[in-house]
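For the record, the sequence lines run as chains A and B. So the first sequence is numbered by the working numbering: it starts at 1 and just counts up by one. So the second sequence is numbered by the working numbering: it starts at 1 and just counts up by one.
If you're looking for bench data, these hints aren't it; they were derived computationally from the structure. Backbone N, C-alpha and C fix where the C-beta goes; we use that ideal spot for every residue, glycine too. This list has only true hints and no planted wrong ones.
Computed list of lysine-lysine pairs in BS3-like fashion (alpha-carbon distance at most 25 Å, straight line):
1. K314(B) / K271(A)
2. K288(B) / K271(A)
3. K45(B) / K20(B)
Partial selection, computed: residues in chain B whose CB lies under 10 Å from chain A:
4. T29
5. P53
6. R68
7. L94
8. L99
9. Q307
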Amino acid sequence: MSTPSALPELASAPTPVAGRADLRPQNINDAVIRLAGNSQDGIQTAGAMLARLAGRSDQEVMTYMTIPSTISGGPSIFQVRIGSGEVLSAGDEADFLVAFYQHSYEDHVGFLKEGGILLYDSDQVQPDLTDKRFVSLGIAITGLTVEALGGTAKDKGKNIFVLGLIAAIFHLDAEKLIGLIRERFGGKNESIVNTALMAFQAGYSYPVGSLLSKRYEFEVRPKTAGRGQVTMDGNQALAYGLIAAGVRYGAGYPITPWSTVMEILRSELPKYGGLFVQAEDELAAVSLALGFSYSGYLSVTGSAGPGISLKTEAIGWASMAEIPLLVVNVQRGGPSTGLPTNVEQSDLYQAIFGSHGDSPRVVLAAANVEDCFYVALEAARIARKYSTPVFILSDSSLATRIEAFDEPDLKSIMQDPNPDLTPRSEEYKPYPIDGITKHAPPGTRMIGGKYPVVTGLEHDEMGHPTGRPALHMAMTAKRRRKLKLLAEEIPLPEVFGGSQGDTLIVGWGSTFGPIREAVERERARGNSVSSLHLRHLHPLPNGLDGVFARFNRIIVAEMNDEGLYGFGQLATLLRARFCDPKIHSLTKTDGLTFRVKEILQGILP
Amino acid sequence: MSANETTAETIVPVPEKLTKKALTADHPTWCPGCGDFAVLAAFYKVLERRQLPHESIVTLAGIGCSSRFPYFVNSHGAHFIHGRAVPLASGVSLARPDLHVFLFGGDGDGFSIGGNHLDHGARKNIRMTYVIMDNFVYGLTKKQTSPTSPVGYKSKTDPTGAIDQPVNPIKKLLAAGATFIARTHATQINHMIQMIERAMDHDGFSVIECLSECVEFYPGAFDPANPRKGGEFKLIDEKKWDGTPEDENRHDVTDEIAAYRLANVPFPGLFGVYFENDRPTKNAFERKWIETTRAKLGAPTDLDVLQKTFDRMK
Chain A
1 MSTPSALPEL
11 ASAPTPVAGR
21 ADLRPQNIND
31 AVIRLAGNSQ
41 DGIQTAGAML
51 ARLAGRSDQE
61 VMTYMTIPST
71 ISGGPSIFQV
81 RIGSGEVLSA
91 GDEADFLVAF
101 YQHSYEDHVG
111 FLKEGGILLY
121 DSDQVQPDLT
131 DKRFVSLGIA
141 ITGLTVEALG
151 GTAKDKGKNI
161 FVLGLIAAIF
171 HLDAEKLIGL
181 IRERFGGKNE
191 SIVNTALMAF
201 QAGYSYPVGS
211 LLSKRYEFEV
221 RPKTAGRGQV
231 TMDGNQALAY
241 GLIAAGVRYG
251 AGYPITPWST
261 VMEILRSELP
271 KYGGLFVQAE
281 DELAAVSLAL
291 GFSYSGYLSV
301 TGSAGPGISL
311 KTEAIGWASM
321 AEIPLLVVNV
331 QRGGPSTGLP
341 TNVEQSDLYQ
351 AIFGSHGDSP
361 RVVLAAANVE
371 DCFYVALEAA
381 RIARKYSTPV
391 FILSDSSLAT
401 RIEAFDEPDL
411 KSIMQDPNPD
421 LTPRSEEYKP
431 YPIDGITKHA
441 PPGTRMIGGK
451 YPVVTGLEHD
461 EMGHPTGRPA
471 LHMAMTAKRR
481 RKLKLLAEEI
491 PLPEVFGGSQ
501 GDTLIVGWGS
511 TFGPIREAVE
521 RERARGNSVS
531 SLHLRHLHPL
541 PNGLDGVFAR
551 FNRIIVAEMN
561 DEGLYGFGQL
571 ATLLRARFCD
581 PKIHSLTKTD
591 GLTFRVKEIL
601 QGILP
Chain B
1 MSANETTAET
11 IVPVPEKLTK
21 KALTADHPTW
31 CPGCGDFAVL
41 AAFYKVLERR
51 QLPHESIVTL
61 AGIGCSSRFP
71 YFVNSHGAHF
81 IHGRAVPLAS
91 GVSLARPDLH
101 VFLFGGDGDG
111 FSIGGNHLDH
121 GARKNIRMTY
131 VIMDNFVYGL
141 TKKQTSPTSP
151 VGYKSKTDPT
161 GAIDQPVNPI
171 KKLLAAGATF
181 IARTHATQIN
191 HMIQMIERAM
201 DHDGFSVIEC
211 LSECVEFYPG
221 AFDPANPRKG
231 GEFKLIDEKK
241 WDGTPEDENR
251 HDVTDEIAAY
261 RLANVPFPGL
271 FGVYFENDRP
281 TKNAFERKWI
291 ETTRAKLGAP
301 TDLDVLQKTF
311 DRMK
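In isolation and in its complexed conformation, chain A is listed as follows (with noise of 0.2 Å):
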């Protein structure tokens, strides 16, 4: 990336408006455009078409949405950053708003930045005009497309039409963009293609040159390599992620941000033989799953917190039985109802610890969209070589949040679905005290005539019931056994940056994309700064001391309170792990992103 900032030309040019327009240079690699108005306008929508654009035209993209928890209707954003290069975090501020009210104009002109293109309906809008940091762009959005669509009083379209406003800006690809309308809005009512591509062709047409001197174009770079770009949100991700680690069974209950992980699920499982669930709460969504993986077929059962609270007892069981589960849980803001659409990262001890007694498990976070997709192979790989519960923790702005990224190749990563029946042994221990459990499902033929029972009563090798105290801390330390061995197995995470020097930022999860940003930024400035990434975060990789001792400093960086004793989840987790004084911890709690400059400012000496 060249500079994270589109058009820092602009930031200090004292010129008045209308000659601002002309010093943009033409060819710019990195943008931020937010679309802000009402949840009904239908901006995903147009927003979600600028991703898909990018991620065609071989660009980096990511966005990033606000919805209201409201049922319907209220303010609601949506921010597409395009990048020619690479593209870390949905930006910091905006170069391009699009304002469809006044409430809209308020609350975001401050995201603008100083030089950035403020571009609102005039219709709605009266902005204040004698603020001059801005290119002010003044265009009846209503009405003209309330004009173009025949002069219906509706003005559904206005997104559209906006799309057709960016793409003559911006000198996008109209013909992709064409397609993807028809793609969109195909196979609905034919009239309802036509309207939005008269729509698109009104803003499309727009004199936007009478405005505006010059229009933009994102400069061109080729991949070099390989295969073409696929652009979805987190949640698809995660579930396509799945389908492809051989998962065909599960079951879950609404909740935002899930839901939609579970809608994809319901409709896409028939296809492949498989089946979803909705389940009549959290506590049998997670029995459910239970069955399907005790029954051979490894399943997955998934919320947000407060549904995961739900689930712990029978999580719990999972533990003891030692039976294969994915878990996901797609955080927001809590505790309880807490902040329905806010991300957080405030789940990572339920994770870890969420149940009575030792009930060892094991959590993966997912670090963008992408590792989405990934990170439910690790999962199900690990569930199915460890027969175990794994935790997949994404949060609920990786869910929403559309990137582009290089397209699997599926072939070589489809994972066989189907249980394991080969009939078993004489010799078969469903719980032998030196091994791994591997379960024989109902259906397997027991060549030795004595069938197994999986129970969450402690048990010995065969899965009797006992309470003898030499058996329970043996079996104890074999299910504690089994996740150090995993440990050893881990890699240990590459150091972004030096892989030594004064300040070390540790994350996880979604911060992923900022810490690195911020990464760069710094080096950029000759600071001696690099991040490590955790992904597996319980077992942690063995190794993580080795790489702290190379560094002055480790800030823990993440989206939760920093407790009673002024560290964040993981910065305790690794300070009672290490030990280690050095451990300093970056929290914040206001529902949001990490803004690359709080990182900045937060691991200031």
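Model the placement of chain B on the given structure of chain A, informed by the hints.
Frame of chain A, contents of chain B only:
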């Protein structure tokens, strides 16, 4: 892939005959004289009669005295958590049509902590055979009031007598939409065997409430229905559909309103099949959806389907 295809290849015919000996596992931990011994004996008998492939029998349970059942049956089995055995069994049933899913539990597990799952299992009509050993008391935790304890029953949590109206299991099951509902008594072994056999032949959510005495904490609870203790074991007189005048007055098991009326007969009530209908199961609906979906796609491989989806994301 589907469970059908998977298991068709892998199930090998069972050579050995299923005898009581082959079916016996751990010695039951129940108190001497517990009604549950008879339920276990009846279950062995049914399995001996039916000679199902040994590996296809699955015995599942939640938590409670009676829920220890899976340890005492030598079959594939799972001992799950309190109250959630119906959804566990639903998972097994939906994923594996080749298996015979038997679920055992008590009144606390089924009607109290698991009451909501019972309703939804019934509503969705998920294929399984569920025997609820109802003893009107929490036995494993040593004598607390249960959801079926009658008003006035003195327990450790109601020392002056229970005050809450008990659940009427048959009415609860009728209201929820269970498609096979029967009631039996652990002292009546032949009747129990009959009911279990009819339940397992029913394609749907089959529930049997089996009065099973807790000799420790509620001795004599079910004597009023035990002829050997001076009671009367009153059977439901089911319609024979023989066109005779006396058949007019017999119970039509498909008549839901009539079933409610029978369920209102005061304790000890009537025994036999209250209700049975042939509403399609969730298993069948889901299977049909899977088959139609796959047929529409032209039975592609999993890779083809996912690749096509990714092509649309480009």
